[in-house]
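Novice: Chains as they are written, first to last, in this note's numbering: chain A, 21 to 459; chain B, 17 to 278.
Calculated from the structure, these hints are not laboratory results. Treat each hint with caution, since some may be false.
To be verified - Lysine to any residue pairs mimicking SDA-like chemistry, simulated, CA-CA at most 25 Å apart: (1) B/Lys233 to A/Arg158; (2) A/Lys62 to A/Leu268; (3) A/Lys456 to B/Asp36.
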Amino acid sequence: MTISNIIFIIVFLGALAFFGFKVKQIIANIKLGKAENRFDRKSERLKTMLRVALGQSKMRARPIAAILHMFIYVAFMITQIELIEIIIDGATGSHRIFQPMLGGLYTFTISLIEVLSLLALVATIAFLSRRNLIKLPRFVKSEMNGWPKLDGNIILYLEFVLVICIFTMNGADEVLHVRSGHESYGFAISSWMGPMFFGGMETTTLIILERVGWWGHIIMVLTFLCYLPFSKHLHIIWAFPNTYFSKLRPMGQFTNMESVTNEVKLMMDPNADPYAVPAVDPDAVPQKFGAKDVEDLSWVNILNAYTCTECGRCTSECPANITGKKLSPRKIMMDVRDRAEEVGAGKRKEGDKFNDGKSLLGDFITEEEIWACTSCNACVQACPVNIDPLEIIMDLRRYLVMEESKMPSELATMNTNIENNQAPWQFSPSDRFKWKDEA
Amino acid sequence: MGELRVPTMAELAAKGQQPDVLFWVGCAGSFDDRAKKITKALVKILNKCDVNFAVLGAEESCTGDPAKRAGNEFLFQMQAMMNIQVLDGYEIKKIVTACPHCFNTLKNEYPGLGGKYEVIHHTQLIQDLFDSGKLTVEGGTFKGKKITFHDPCYLGRANGVYEAPREILSKLDAELVEMKRCKAKGLCCGAGGAQMFKEAEKGDKEINVERTEEALKTNPNIIATGCPFCNTMMTDGVKNFNKENDVQVLDIAEMIANAADL
Chain A
21 MTISNIIFII VFLGALAFFG FKVKQIIANI KLGKAENRFD RKSERLKTML RVALGQSKMR
81 ARPIAAILHM FIYVAFMITQ IELIEIIIDG ATGSHRIFQP MLGGLYTFTI SLIEVLSLLA
141 LVATIAFLSR RNLIKLPRFV KSEMNGWPKL DGNIILYLEF VLVICIFTMN GADEVLHVRS
201 GHESYGFAIS SWMGPMFFGG METTTLIILE RVGWWGHIIM VLTFLCYLPF SKHLHIIWAF
261 PNTYFSKLRP MGQFTNMESV TNEVKLMMDP NADPYAVPAV DPDAVPQKFG AKDVEDLSWV
321 NILNAYTCTE CGRCTSECPA NITGKKLSPR KIMMDVRDRA EEVGAGKRKE GDKFNDGKSL
381 LGDFITEEEI WACTSCNACV QACPVNIDPL EIIMDLRRYL VMEESKMPSE LATMNTNIEN
441 NQAPWQFSPS DRFKWKDEA
Chain B
17 MGELRVPTMA ELAAKGQQPD VLFWVGCAGS FDDRAKKITK ALVKILNKCD VNFAVLGAEE
77 SCTGDPAKRA GNEFLFQMQA MMNIQVLDGY EIKKIVTACP HCFNTLKNEY PGLGGKYEVI
137 HHTQLIQDLF DSGKLTVEGG TFKGKKITFH DPCYLGRANG VYEAPREILS KLDAELVEMK
197 RCKAKGLCCG AGGAQMFKEA EKGDKEINVE RTEEALKTNP NIIATGCPFC NTMMTDGVKN
257 FNKENDVQVL DIAEMIANAA DL
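The shape of chain B in the complex, shown without the other chains (with noise of 0.2 Å):
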């Protein structure tokens, strides 16, 4: 493996160069050792297909999901308005995040504070990848795997976006089975609406060991998410059933770029 080439906006911009994507890291994808991973595998596949794109590093910051998401909108408009001058500073016009809710906040709830991005979510960069044929991949250890896709809730439900992880996944010769639950029907993993970050209120049953159980029961090698909060949620969920050594949750960036030998 070698280095991973990930320009930041500061080096480009002194260089006079303007990136064709903007790379939005995440919190998460930042900060926690099992997004980092995510984050890793993207770059990887940028690389392999020499996007032109950079990060904004130690620039970056929360996007205000989950503060708003908790009641706190002036938390969120004060972190929006501080993005808006840093990512309108660097010119930027199209945003890639591996992260839902950061891709629902900036798609959608930045343009009325002025931060208007073109953003996609990165299984629907791949998706271009792939299409362009910039990017190729045999199905490598997937082949034959039986495979179920976790919806995230901030990218199929709440932007209706449904086929591109799937078509993403249906490249890698694998068997993918739906859930009973799926697509604009699918259960949230139980970590949206700022939950991640606080423990759930009573009830009878963790969120995510329901959705867990709903993912086992069709048998898979894998769970695949687009989404570092629901990979937290169905691996705890996983693990909750003592499935870890026969079910992996892997994010659909970390299966292409595996698959791709990256």
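Bound conformation, chain A alone (with noise of 0.2 Å):
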């Protein structure tokens, strides 16, 4: 075992067990959310992930985008097959440890990574030119300024550099392996690409070349998955679990709180006692109606929100927020990922007393954003990773109205009127059936 291999190991356990750290972190984060029993209807599940997530369906949508995305999609889940052989050779000094054991089909299989990596390339200076020349309106709403814009492009210099360093170690190593005797690889990109730029080199050039473009392709890949806890990017890892998770009811049916059930069969029940002292459970954590924090939300919800790419595909077709509202979906998502972050990071710190002053309603998210929402579902009907914006704005109303009474005063004349006249308008409900004798 050489030293490189020493630093190699030390490197990419050093990676492994940080990402680790961070997943455990992000993990806890969503379990500051309220239970919810998604575990049921497994097949339908299983079915829903495979159709949206693997299968990307409704990618489709946007076909130009989804052709583009297919192929880092793709690369990026064949390369896995490459990393692995980077891995046994950084550990154990091999050289291309896979090609004698799989012979011809090796050489289709690096080819089909190179002809891939090209074409994520290609998209890679795709989607740089949308974010940055282009200027796609998505991708330049007001909620992705600053650190959101940052991180999208960090993505792709990423993806930019790393298949750089795949092309400059499969060329330079193309030409090392003739030059000392062999037949060439075969490989369909860098058979023919590395003597073009490599083979008027040095050989100890090619040498440093193509240990850069080895090295550099891993410390990529490493730094990827380090930066990924940090980024928007973690939707590689969610998608999965997020769409298996993910509402199978109708679309327009929300949820029944059984809180408020409890209170209302009481209040209808003609042989309730209301003077009964209701059974005390001492442990029992006061019930909130509805969302002020990410700790009322469900850990969908929390899942939801660290699922998200924050690709916008919600808020370019809110009605909403196209018609200049304050409303954005993808920032309700972003506001909830970034408090849970806050209140996770601050209780690991000091504990369930944390209290930081703030909330996820008012401090992140406006009531002005909550009340232009037309519950239309457009956002949900548009989440490529079938994320609900919905759920959470529903939730946040919900507490606006049930503990604070708070609402615009046109919607509290509305509960009014539907209480006192069983209609949303001023109207006696002994006149609901005149319509018959109108002419």
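Make the complex out of the two chains shown on their own, each in a separate frame, by following the hints.
Specialist: Okay, structure coming up:
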């Protein structure tokens, strides 16, 4: 074992450990949310995951983006095979350990990876230009200012460098391989591109270049791995559980709050004793109706937030946002994630007594935003990974209305009308059937 | 036009009869002058096809949809449980409604509170009447007209009903043109989520104006809807563009009743 093998093992395991540590924190943050049973209908859930996450069925709505995204997605998936080889080579000092074992299949696999990498490079350049040159409206909305914009670009820069490293590695290796008396590797791109770019170079330079490509590749991958937990790019992992646990009910069906059902039943039960002392559970935490902060949301809502890759399809389809209102479903998801990070970090530091005097509703999301929603489900429909911003908006409304009695005055009037007149308008309930006799 | 035959549940129950389907009229259909016309058009169709139906009349009450969407779960569940008591008291099995909001609430949100019924939208019922041959129309005044259909969110996206309204419209010998945003991608009219009952939040455009603009781009003679709230929003939108003399906003039930000379 050489010194470079040892360095490799340390760097590799270090990156893996760091990633695991951060993922554990994120899972703890997701668990800040309230329990919700999304463990039923397993085969339906599995099918949804395979269709939407693996099969990317909802990406089809925007075909150009879908094809470009597919290049990067497939390239990423297939490259994992090469990555296994790189890890073994790195740890043991072998060189292309799979080549003798797999023979023609090896040539095919690496060739496939090369073709996909080239397509991924094209996609990366297209994506960078959409964000920075064409400035596609959904990428330049106000919630994308600052870090989210940089984050989106960093991922693409990393991808760009990664692909360049792959071709440098394979290209230089091809020339070295042939120079040492072997037959060409026969890889689809590097076997002709390698000699073209590197053919005239000194052998010592080529050895360095090959190593730079090799190390550059693996370091990019590990950097990417460590960067992921801080990035919107986490969707590559969370998209799978997120689609698995996504809502299977019709989009229009909102949850009926059980806590409310109990109260209403008691209210409507003629046999209920109004003076009865309720059974007191000393450990019971006082129930809050609706959500003020991330801990009042369901864990699914927070998983949704960590899955969001800020593509903005939701916002670009939102009728409120299209007509200039403050609401942006993407911002709702980003706010939930930012707040979950903040609360999670605080709780790890100070324990359950953590209180920074802030809350999701108010400090992150304003009332104006949530009252702009028409509950039309366009955002839910648009999300390629089945995120549901509407559920969160509804829970925030519920808190405002049921805990703080805060709502636009017209809605207060509407509620009063429903209570008194059984209709949202101020008509007499006895006039409800008058339409029949009107001309 | 003959007298509308609209039996109430109370009347039928007194005679020991049970209708095949309850027509849930909804608040808009009962009180809103424009929506009442839709209600009557549907009754004409039901009468014409001899559908054995009844209404609750004054015993009907708001489903609680706008309260729920506005965050008032208490009020929603109070309304729901009262309605379920009434519906179960009459042993209702099947409900038809011309309001997608009532449709969604009755169909999806009442079962969890104990109210389990087969609920259909009036466009689905009309389609059934066509399919079973009970109802036939010729294009009539709609022949050759250009019609665009606005998908109500709570019918389309919320419940996946896209085809029934379109199939019915195809019976009218008219030209059905789709807006750019239609079906699953249909743009809301701006009324959902209790927005109907409040001023819109600050923005640079009204949602119904945005949607009507899109509808008008198809150069339609008629904007068809299947929701009394969408109807109001689109009608206001058409007025906003001073097109009320050129473009009609009609519910599908009205169009069918008209085409069937009812």
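Novice: Taking the hints in turn, state whether each one holds.
Specialist: Evaluation of the provided hints:
Note on B/Lys233 and A/Arg158: the hinted pairing holds, with a Cα-Cα distance of about 24 Å set against a maximum of 25 Å. Note on A/Lys62 and A/Leu268: the hinted pairing holds, with a Cα-Cα distance of about 11 Å set against a maximum of 25 Å. Restraint check for A/Lys456 and B/Asp36: the C-alpha separation of about 20 Å stays at or below 25 Å, so the hint holds.
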